[in-house]
Amino acid sequence: MRKVTAAIIEKEGAVLIARRKKTDRFGGVWEFPGGKLEPGETPEEGLRRELMEELSLETDVGAFVGAFPYASPWLDIELLAYRVTIRGGEPVLVDHDEVRWVRAGDLRTFDFAEPDLPLVEILSRGAERVR
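Numbering follows our numbering, in which position 34 of the sequence shown is assigned residue number 34; successive positions increment by one, without gaps.
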């Protein structure tokens, strides 16, 4: 099972989500930014690297939110979610074609990648308070 990371980034009561380019695998769906770990990386290191590569954001990785396994015939991952703070920069589109700041209560109105759905539910219910 491959480990991938996801960032829960909040600003002024909204959460940052990103839509994958239509030409990508899972293209056109929304996700919490993050990505695959490289060999030898901790999840925190990998998440910081991915956010810099994908969105040109300097970040601080904070509290661990949870691990969410996902298995399908074409994908077997464990999604590791963390609270993240932007230290510098504004989102720049590299691997995505759009980013939005969305209120947690509105997350269910977006078409999310299946591995991200547990986070959508947690945040929508307010079970985890994003800081």
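Treat the hints as calculated values from the structure; they're not laboratory data. Treat the hints with caution; some may be incorrect.
As the list claims (entries may be wrong) - In silico SDA-like cross-links for lysine to any residue, where the CA-CA straight-line distance does not exceed 25 angstroms:
#1 Lys11 x Ser72
#2 Lys11 x Ile122
#3 Lys21 x Gly126
#4 Lys11 x Glu38
#5 Lys3 x Gly28
#6 Lys21 x Gly40
#7 Lys21 x Glu58
#8 Lys21 x Ala63
#9 Lys3 x Val99
#10 Lys22 x Gly126
#11 Lys36 x Thr85
#12 Lys3 x Ser72
#13 Lys11 x Trp74
#14 Lys3 x Phe68
#15 Lys22 x Arg125
#16 Lys3 x Val29
#17 Lys21 x Tyr70
#18 Lys22 x Gly62
#19 Lys21 x Val99
#20 Lys22 x Arg87
#21 Lys11 x His96
#22 Lys22 x Asp106
#23 Lys3 x Glu78
#24 Lys36 x Phe64
#25 Lys22 x Trp74
As the list claims (entries may be wrong) - Restraint ranges, calculated between C-beta atoms of paired labels, are given here:
#26 Ser56 x Phe110: 30 to 36 angstroms
#27 Ala14 x Gly40: 16 to 22 angstroms
#28 Arg125 x Phe64: 28 to 34 angstroms
Yeah, the Cβ is synthetic: ideal placement off N, Cα and C, and Gly gets one too.
Could you grab the alpha-carbon distance between lysine 11 and serine 72 and see if it respects the 25 angstroms cut-off?
-> violated (33 angstroms)
Hint consistency between lysine 21 and valine 99 [alpha-carbon to alpha-carbon, up to 25 angstroms] = holds (11 angstroms)
Taken at face value, is the distance from the CA of threonine 85 to the CA of lysine 36 at most 25 angstroms?
-> holds (19 angstroms)
For the pair supplied as a hint, lysine 22 and tryptophan 74, confirm whether the alpha-carbon distance does not exceed 25 angstroms.
-> holds (18 angstroms)
25 angstroms Cα cutoff - pair lysine 21, glutamate 58 | Roughly 22 angstroms between the alpha carbons, so the hint for lysine 21 and glutamate 58 holds.
25 angstroms limit on alpha-carbon distance, applied to hinted pair lysine 22 and glycine 62 | Given pair lysine 22, glycine 62 is violated - Cα atoms ~31 angstroms apart, limit 25 angstroms.
Quick one, are lysine 3 and valine 99 close enough, alpha carbons at most 25 angstroms?
-> holds (23 angstroms)
Cβ distance range 16 to 22 angstroms for alanine 14 and glycine 40, holds or violated = violated (34 angstroms)
Are the Cα atoms of lysine 22 and arginine 125 separated by 25 angstroms or less?
-> violated (29 angstroms)
Cβ distance range 28 to 34 angstroms for arginine 125 and phenylalanine 64, holds or violated = violated (19 angstroms)
Would you mind confirming whether the straight-line C-alpha gap from lysine 3 to phenylalanine 68 stays at or under 25 angstroms?
-> Judged against 25 angstroms, a Cα distance of about 10 angstroms means the pair holds.
Take a quick look at whether lysine 3 and serine 72 sit within 25 angstroms of each other, Cα to Cα.
-> Given pair lysine 3, serine 72 holds - Cα atoms ~15 angstroms apart, limit 25 angstroms.
Going down the numbered hints, you'll see the structure goes against 1, 3, 4, 6, 8, 10, 13, 15, 18, 20, 26, 27, 28, while the others check out.
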